[in-house]
Amino acid sequence: MAQILASVIDGVLIGSIYGLAAMGLTLIWGVMNVINLSHGAVIVLGMFALYYLSSVLGLNAYAALPIVIVIGFGVGVALYWIAVHRVIGRPPLMSLLSTFAVNMVLIGLGTAFWSTSPYNVPVSLPSVSWQGYTYTGTHIVAAALAVVIAGLLYLLLYRTRVGKAVRAVAANRAAAEVCGIPTTQVLALSFGVGVTLAFASGMLIATLFPFTVLSGGAYQLKSFVVTVLGGLGNPAGALLGGLFLGLIEGVATPFMPVSWMPMIEFVLFVFVLIAFPSGIFSFTRK
Amino acid sequence: MIIVRLNTIRPFPWLILIVTVSFALVPWWTDNVSLRENLILAALDITLASSLNLMLGYAGYVNFGNIVMFGLGGYFGVYLVSVWHWPILVATLVGGIAVSVIAYVFGLGILRLRGAYFALATIGVNEAVSVFVTNFEPWGGASGLYLSLDAYAPLGGPGHTLWIVYFLMVAVMGLSLALSYAIRRSKFGLGLLAIGENEDAAATLGVPTRIYKAMVYSVSAFLPAIAGGLYFFKSGIIEPTGAFDLTTSIETIVMVMLGGQGTVAGPVIGAFLYEELRGYLLTAQAFSHFQLVIAGLLLLVIVLFAPSGLMGFVHQKLPFTRRWLE
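Protein sequences appear in the order of chains X and L.
Residue 1 is where the first sequence starts when you use this note's numbering, and the numbers rise one by one after that.
Residue 287 is where the second sequence starts when you use this note's numbering, and the numbers rise one by one after that.
Chain X on its own, in the form it takes in the complex (with noise of 0.2 angstroms):
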């Protein structure tokens, strides 16, 4: 029993940074209907900003955070510019292409520099001991900041002007257009929030294992699983189903060989998408 209870904790505290990575997406999706597929090599971009900012600059882990989060940022309205401008509106098809171009050239630019050998980041914090087992503290540390960040998102979008400006594009672009909002230039903020949001994830993974040019592909398909399960667009739905992959992996691991995690993953994110189309939390939103 302590044990289940145990993992459930590992679980939790894992699903929160994949809620994170995974409202990223979701957010994109939802405002101008493009599936990032750079999506996993912006998360790996995080967690070499974290790296350089860190282990070569010698800042604090977590206070390079606001730093990660302005580069994410930039670098996510640039990529908005370069890639996705051109193809909002016209068929899914270019929007996949052109994001997974530039999933390609950066995954090709990351492994010309990097190389494709770990990198790690040295965090040390105190673990917390509880009924026998040990929690890291840079685990609570990582699942405490995505729920921060998952706040700070949460009070962009419904408490502020910009955020009243996002939801109404993503409602109905033309109406918004009409009524004076510069849609454009929201289109452009908002895919600038979604990648930042995987900046940051990459981030806090980057504090908890070691990482590669090529780790982001895992996270990616993750997110995927994630958001499918909280419903495509559905940011709060993402954190949910975030914390649901994470308590899956969490209780399951202890009893079946972690390689085959994947497989339930995948067979689970394709049941999903054909059973449940809007998420599985979709009830609480009728």
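No lab work stands behind these hints: they were computed from the structure.
Where hints are given, some of them may not hold.
What the hints assert, rightly or not - Pairwise CB distance ranges (calculated):
1) L:523 with X:5: 45 to 53 angstroms
2) X:129 with L:429: 39 to 47 angstroms
3) L:429 with X:115: 42 to 50 angstroms
4) X:179 with L:605: 52 to 60 angstroms
5) L:487 with X:5: 53 to 61 angstroms
6) X:91 with L:457: 55 to 63 angstroms
7) L:487 with X:210: 46 to 54 angstroms
8) L:446 with X:260: 40 to 48 angstroms
9) L:446 with X:78: 52 to 60 angstroms
10) X:56 with L:311: 56 to 64 angstroms
11) X:264 with L:607: 50 to 58 angstroms
Unchecked claim - Every beta carbon over 10 angstroms from chain X, so not counted as near; a handful from chain L, in silico:
12) 297
13) 299
14) 304
15) 323
16) 437
17) 450
18) 461
19) 465
20) 492
21) 558
22) 596
23) 611
Using N, Cα and C, we set each Cβ at its ideal position, and we do this for glycine too.
Dock chain L against chain X, hints included.
Okay, now just chain L, sitting in the frame of chain X:
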């Protein structure tokens, strides 16, 4: 006097025949082994691109997991040859049929999804199959399956086998082109193009969209599966990372887009050009690390500025080619 009505001549099937025959004969006559190795990859890429085009170009469905069928076909082929000692022709054919049946069943399920949702599901299918095979012990798990040299004995030893596999691969390429052309000119193809334009409208007009989509998914799996069987029989080894490489899937999409999606000749031209470009980039010192970057930039430029590819460009500039190059 015979009156030839020019507008009824369809030169394209002859073009397919000429390309296929010259693929088969040129390395044979010149006895040029390195040309053969170069062309077998081109033939493989043309088969993959042209089969993907049935989904991507005709029906308008993005399939990121097209390589699954190639890998599964390879696994069936190598498994049947190495463990059950079947002849390679029978093994690849059975593999191709088995993969087509699997694809049809999959297709009925996941093709209920449309557009971006379907594209996401295909990535999921690719990863799920790859993880499944990595953990599937009868197929050798993560380390894969090997063929011993004895496997090549029935075809007259390894050296002879390479030529036979080459001719078979070229034949598969020719079949894929003929299939692509035949489908484009058939009622089935018309239905697919209608689905690509507007699926709801097509359904309203009586196109059995669900069956057609599952059929095209299955048909586009058949020849890649056979090509996979031949390719991995030639390599003598198959393992999951090589068989289910998402990058190869994407490169196939680049080929189709480069040549021009939805045309018969486009994927051929795209595959051939991309294959030559890749060969050049891999050998040129300065670029060997940047192959992915250049493929990515190429794809980005095509998508943003020339979404109908080279064929679109040629058709627009030289309208008379529309009848000659379909």
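Where does the structure disagree with the numbered hints, that is, which hint numbers, in rising order? Hint check: 3, 4, 6 fail, others pass.
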